[in-house]
Every structure is written in C-alpha cells, then in structure tokens.
Amino acid sequence: DQQVKQNSPSLSVQEGRISILNCDYTNSMFDYFLWYKKYPAEGPTFLISISSIKDKNEDGRFTVFLNKSAKHLSLHIVPSQPGDSAVYFCAASGTETSGSRLTFGEGTQLTVNP
Amino acid sequence: ETGVTQTPRHLVMGMTNKKSLKCEQHLGHNAMYWYKQSAKKPLELMFVYNFKEQTENNSVPSRFSPECPNSSHLFLHLHTLQPEDSALYLCASSLVSSPLHFGNGTRLTVT
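Going line by line, the protein sequences match chains R and B. For the first sequence, the working numbering begins at 2 and goes up steadily by one. For the second sequence, the working numbering begins at 4 and goes up steadily by one.
Since the hints were made in silico from the structure, they are not lab data. Some hints could be false.
Distance ranges between label pairs, derived from CB positions [claimed, not checked]: (1) 69(R) - 110(B): 36 to 44 Å; (2) 99(B) - 8(R): 30 to 38 Å; (3) 42(R) - 33(B): 21 to 29 Å; (4) 42(B) - 95(R): 24 to 32 Å; (5) 30(B) - 11(R): 29 to 37 Å; (6) 31(B) - 75(R): 31 to 39 Å; (7) 83(B) - 72(R): 50 to 58 Å; (8) 8(R) - 20(B): 37 to 45 Å; (9) 20(B) - 83(R): 37 to 45 Å; (10) 11(B) - 55(R): 37 to 45 Å; (11) 58(R) - 44(B): 25 to 33 Å; (12) 16(R) - 83(B): 29 to 37 Å; (13) 55(R) - 99(B): 17 to 25 Å.
One side of the interface only, derived from the structure: several residues of chain R facing chain B at Cβ under 8 Å [said to hold, decoys possible]: (14) 32; (15) 44; (16) 45; (17) 47; (18) 50; (19) 54; (20) 83; (21) 88; (22) 90; (23) 105; (24) 106; (25) 107.
No more than 20 Å apart at the CA atoms, straight line, and that leaves these computed lysine to aspartate or glutamate pairs for EDC-like [unchecked claim]: (26) 69(R) - 56(R); (27) 22(B) - 88(B); (28) 25(B) - 56(B); (29) 44(B) - 59(R); (30) 25(B) - 59(B); (31) 44(B) - 88(B); (32) 25(B) - 43(R); (33) 6(R) - 107(R); (34) 6(R) - 47(B); (35) 72(R) - 85(R); (36) 69(R) - 59(R); (37) 43(B) - 88(B); (38) 55(R) - 107(R); (39) 55(R) - 43(R); (40) 44(B) - 2(R).
Even glycine gets a Cβ: it sits at the ideal position worked out from N, Cα and C.
From just these sequences and the hints, can you work out the full model?
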C-alpha cells in the first residue's frame, strides 16, 4: 500500500513561471514532510521540510504548503529555472525526531524549458 | 563532494557472484541507511544503523547482508542475487533529527 503518492510522473513548465508539484499521503500519523531533489547520476538532496504544526514554509524560491485535512502537500517553485529540472521526491515520517525513517513517493520529473 | 561516498558507482554481477557495496560518510553523523530504488518505484528503506547497531531491517531477503563496523562506514554484502535485484542502491546518513544526506548510489545490474 503506497502511503505517499505523487500522481504526476512528469511536469513541464516554462522558465520564469511557477512549478507546482503535488503529493498526497494516507497515513494520519505522518506529521513531518520533506522534499528532495535528484539529478541524474546523483543521490537525492534535501530541499525543504515542513512540520504539521505549520501550513507553509518558505525558503527562497521554494515554498511548501501543507493541508492536513486533505492529507496533501505541494511544492511551489517560483520563478522556475532550467537548473531546477530534476526528479522531485516527496517524503514523510511519523515525527520530526524520526525524520530519518522516511516513506517516499515515486517522484515527479520536472522539466523547465528555457 | 556530497559528504557520503559510495563505491563502486556501477556494478555488474552474475547470480552466483559475491560482491560488496561500500559507503563512507564524513559528516559526523551517527545513523546510516541503505535504500533501494527500482525503476518507477519509490525509494525503499532496507536497513538502518544507529551508532553501529542495526535498528531496522525492512523485511529484506537474506541475500542482502549489511555490515556497519563504525559510525562512518557501511557495507552491503551481496550474494546469489536475482535479476530483479537490479536497482540503484543508495546509502544515506543523518543525525537523529536531521534530514538524510544521500550518496550518489551504486547502479547494480544482476545478469
């Protein structure tokens, strides 16, 4: 049973526009969420996280929104840049202290066109 | 330099071979992990070590055998693998409540 789902395997946007990547989860015990970015031939790198006590966390061009009632989170990238082209993974864990025991989604391939 | 180094980057092995994957972290972390990423699937947690002690084995077949001699080194010993074990094997490390830092992975092909 997939507890973290990213329903869009791919997304293509124009440079300068907003990229919105979505993630849904089913386990109500999850209360810490992370986004990772992965370039080809490299390991995933941590991008941004959010605790369930918040509904928004912003870091530069990246903002993560959490809707606990809908069990949904999204990553907004604005403005999008060609260097943002990568696979983005959503991940979740039970508590922030166990943020290392992560359940991952399948990933979304983002392509930002110049 | 990611701080987590995995060798080899690519490995091709037959089903009767024995090989080992190596991971080393230079970040002073106390926990290390093995993840598996198969095509079109999420990353799957395989093993977790905290302070060299295995704290999680996620129902991994015994043909995968982890070893953690110290907090900086982690191995995954492989023997009598199957073609469906072909995947990207990722090592990661962390402190107790910090995000994972991943290595660049070993691309394993079992023939």
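*asked:* Run through the hints listed earlier and report the numbers of any the structure violates, in increasing order.
replied: Of the numbered hints given earlier, those the structure breaks are 7, 12, 14, 19, 20, 21, 29, 35, 38 and 39, listed in rising order.
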